[in-house]
Amino acid sequence: MNIVFNGKMFELNTTCTLADVLSDHRYTNGVPVEQAVVAVNQTLIHKSDYQTRVLQDGDQIEMLTAVVGG
Amino acid sequence: MFSIAGKTLDSRFLIGTALYDSPEIMQQSIEASGAQIITVSLRRQSAGGSDNQEFWQFLQSFQQDNRYLLPNTAGCHNAKEAILTAQMARELFKTNWVKLEVIGDDYTLQPDPFQLVEAAKELIQQGFEVFPYCTDDLILCEKLLEVGCNILMPWGAPIGTGKGLMNPYALTLLRERFANVPLIVDAGIGKPSHAAQAMELGFDGVLLNTAVAKAQDSIKMAKAFKHGIEAGRLAYEAGLMQEQQKAHASTPVVGQPFWHFEE
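One line per chain: the protein sequences are A and B, in this order.
So the first sequence is numbered by our numbering: it starts at 1 and just counts up by one.
So the second sequence is numbered by our numbering: it starts at 1 and just counts up by one.
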């Protein structure tokens, strides 16, 4: 099963929840979950749903964090 | 004092957090500006982003003493993107405020008025307080108000150009037509005199970033803008004199010495 995390494709060998990948530095570059916000397939996922959201083949995950802006 | 989005603020200066030479200079510039609203954005985290960690901590400490974050939707090119970005910003920053940007042209960064109104309408229905970055087009501004915007943020000039108020006539018209709507000039300001001019026109505030961040001394420039905005507001409240075509001597004519009357 493949997912796309912030534009990069990853292969998952087991069933994973969103919470699983968000706790893995290979995906998150070390960003703490509380400092980020996540959308899957262009839909916002609330933090309370991370544990129950099981990832599907082809899911596109965007994990965004605060940056400077004008 | 100035009220916007249900908050009463001392400062009419809204400032961006981007483009500074360092995080320290950014923080000191914001402090010097006296701004109580700063703009922020959302992006993917790059690898090893210690700056992001520091920025996050700064944002937490900033949100005290009647100071607020205004997340933007910079980079969005249609309503759908902007709505999702706003939703994500609300989730992360715990605010329903959004500086709504929907870009229609990449050369000028001119807003797409149709997508902007569509996004504003949807976000307001979802409970957002929308600060729309718009042009100075009267009809666009009317439409934004019709869909529920309580604030308008017309550009002075394209973002980052520093050209100042390109169309003072249009901005003056907005002030006249929307007397009770908070109006913020957003973008294109290059000098404190530009900001003062906007305030003299009766605008409620000024939002800028590049002019401070790209100054040789950002901290000093932040102070300069602070004073410019305050001076412009005081001038507006004081009431400007009417322009005249003919010169009028300001020194009394009565009591002039005799040589003034010689041929």
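Careful: at least some of the hints might be erroneous.
[Said to hold, decoys possible] Keeping only pairs whose Cα atoms sit at most 27 Å apart, straight-line, the calculated DSSO-like set for lysine-lysine is:
hint, chain 1, residue 1, chain 2, residue 2
1, B, Lys80, B, Lys163
2, B, Lys80, A, Lys47
3, A, Lys47, B, Lys143
4, A, Lys8, B, Lys143
[Unchecked claim] Computed, partial: chain B to chain A, Cβ under 10 Å:
hint, residue
5, Thr17
6, Pro23
7, Met26
8, Asp51
9, Arg67
10, Pro71
11, Asn72
12, Thr85
13, Met166
14, Tyr169
15, Ala170
16, Leu173
17, Glu176
18, Val181
19, Ala187
20, Leu234
Think of the hints as simulated: they come from the structure by calculation, not from any bench.
Remember, predicted model here, so these are calculated numbers, not experimental data.
Think of the CB as a built atom: it goes at the ideal place given N, C-alpha and C, for glycine as much as any other residue.
Interface hint status, B/Met26 versus chain A (Cβ within 10 Å): It holds, given that the least Cβ distance between B/Met26 and chain A is near 7 Å, below 10 Å.
Can B/Pro23 be said to touch chain A, with a Cβ gap under 10 Å? OK, holds: B/Pro23 within 10 Å of chain A, min 9 Å.
Next item in the hint list is B/Thr17. Is there a CB on chain A closer than 10 Å to its CB? Given a least distance of 4 Å, the restraint on B/Thr17 holds.
Checking one constraint from the list: CA of A/Lys47 to CA of B/Lys143, max 27 Å. Satisfied? violated (35 Å)
Measuring from the C-beta of B/Leu173 to each C-beta in chain A, is the shortest one below 10 Å? At 26 Å from the nearest chain A Cβ, B/Leu173 fails the 10 Å test, so the hint is violated.
With a cut-off of 10 Å, does the beta carbon of B/Glu176 approach a beta carbon of chain A closely enough for the hint to hold? violated (28 Å)
Interface hint status, B/Val181 versus chain A (Cβ within 10 Å): With Cβ-Cβ at 23 Å, over 10 Å, it is violated.
Can the hint on B/Thr85 be confirmed by a CB-to-CB distance to chain A that is less than 10 Å? Interface hint status for B/Thr85: holds (8 Å vs cutoff 10 Å).
Does the interface hint hold: is B/Asp51 within less than 10 Å of chain A, judged Cβ to Cβ? holds (9 Å)
Minimum Cβ distance from B/Met166 to chain A below 10 Å? violated (18 Å)
Tell me if the interface restraint on B/Pro71 is satisfied: Cβ within less than 10 Å of some Cβ in chain A. Given a least distance of 8 Å, the restraint on B/Pro71 holds.
Under 10 Å, Cβ to Cβ, is where B/Tyr169 needs to be relative to chain A, so tell me if that hint holds or is violated. violated (26 Å)
Consistency with the previously given hints fails for numbers 1, 3, 4, 9, 13, 14, 15, 16, 17, 18, 20, ordered from lowest to highest.
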